[in-house]
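Here the sequence shown stands for residues 1 to 404, where the numbers follow our numbering.
It is worth saying that the hints were derived from the structure and are not from the lab.
Just to be clear, a hint being listed does not mean it is correct.
Unchecked claim - DSBU-like, lysine-lysine: derived pairs with alpha carbons at most 30 Å apart:
#1 K18 / K47
#2 K18 / K36
#3 K111 / K47
#4 K36 / K47
Said to hold, decoys possible - Derived DEER-like restraints, expressed as beta-carbon distance ranges:
#5 R188 / L34: 49 to 59 Å
#6 Q270 / Q401: 52 to 62 Å
#7 N179 / L34: 49 to 59 Å
#8 Q389 / Q264: 42 to 52 Å
#9 C104 / E77: 20 to 30 Å
#10 T43 / Q211: 50 to 60 Å
The beta-carbon is built from N, C-alpha and C at its ideal position, and this holds for glycine as well.
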Amino acid sequence: MTVQMFLYRHGDKQWSVKPAASRFLLETSLPGNLEKTVQDQITAGLKPYRDWQDPGQEQLVAMQLHARLGGHVFRDELLWDVSNPQNTADTYAMRVCGDLGLGCDWYDAIKAHLEARLQEVRQDLAEAPEEVQLQQPGTAALAALTAQQPQDMSSSSSAAEAAAAVGVPRVEPYNPGNNVEATRIAARQQMLQMRQAKKQQAAATGQQQQQLGQQALHPAAVPQQLSSPNASSQQQQQQQQQQQQMVPVKLEQQQQQQQQQQQQQQQQQQQQQPSAEAASSQQQPAMPMLPPAAAQQQQQPVSASQQQRQPAVQQPVPSVLPQAVVQQQQLQAQQQVPHVQQQQPQAQQQLLQLQQAQQQQHLPNMQLPAAPTRLTPQQIQQLQQQLMQQQQQQQQQQQQQHHQ
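The task is simple: from the sequences and hints, build the whole structure.
Encoded structure:
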């Protein structure tokens, strides 16, 4: 089994796994049936770098580890490169346990403690990178790491001093009076509270600036101010009272508008009535003037016909007649309309004959109107109505005879 190493340009769009495997087999003169194996190995080697982005330089963070297991504590001081994906808590715990001869229990404790510390560092870099102290590589970083050690560790018990002389990483007995990890956790909680307070203050400042900008754009706008619950309830009551006062004013305005509209409509109707009467009088044809005696004679048959017509219209169709008979009668009445129009010249001839007879007999105080050259629509309607009445009377007589 041979081990071959080559440089792979991660992040270059022109590089991919399959062409790189083919090129590797070609340069090493290996058989083509190993191409799939080489591809799998390249993919496995690139897996830790899948989400990696080159920050441009190392990001070294100084950390002090205190992993407790039972009555002992594991201690270590290291510079951790956060930008290197190969640095994992798993590999560190395996290496340390192998060097110190520790068991699986210590492996789990060290790994969990380091993962928690790395999660805190990533959170700080994401939320407040200005609070994270990145160390420079070299001797300056080691000097900074030793300077960060707490002062109370030097004044601890003789066992702690002896352990400090040994160096790190190491395992030492747990001293409840010198719980460095508990002190660190308390300081971090205080730092997170201060960070949250700064965020809230920044948000409030931004909101105030936004309100000031809105007031500058809209001077008439009412500013929104933070106040106590009592003040907010008073503001709500004032707004409700203002709305209640505005409601009757709006109702009065609407009523006044409606009254004005009604008055305008009445005036328009009054103006339109005389104009409509004048137009109707202009459109009606001039009727020939009749003497008083003839006018009375002409009005009498018309009134009689109207009296006969009203009960005929109001009387319902007798239940004895079926609906088919009624429809036939209506069709017959419609067919007789042209006959009435054809009888117009006959009526004219009868009027002429009456005039000639009057002239021959020399009747006193009797004057007939001149024969009209054409019947008016009103006269045609009167003739049609008379014919309809005659037909209805005949039908009623036939029905009475049939019942008898």
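How the hints compare with the structure:
| no. | hint | result |
| --- | --- | --- |
| 1 | K18 / K47 | holds, 15 Å |
| 2 | K18 / K36 | holds, 9 Å |
| 3 | K111 / K47 | holds, 21 Å |
| 4 | K36 / K47 | holds, 17 Å |
| 5 | R188 / L34: 49 to 59 Å | holds, 52 Å |
| 6 | Q270 / Q401: 52 to 62 Å | holds, 58 Å |
| 7 | N179 / L34: 49 to 59 Å | holds, 56 Å |
| 8 | Q389 / Q264: 42 to 52 Å | holds, 48 Å |
| 9 | C104 / E77: 20 to 30 Å | holds, 24 Å |
| 10 | T43 / Q211: 50 to 60 Å | holds, 55 Å |
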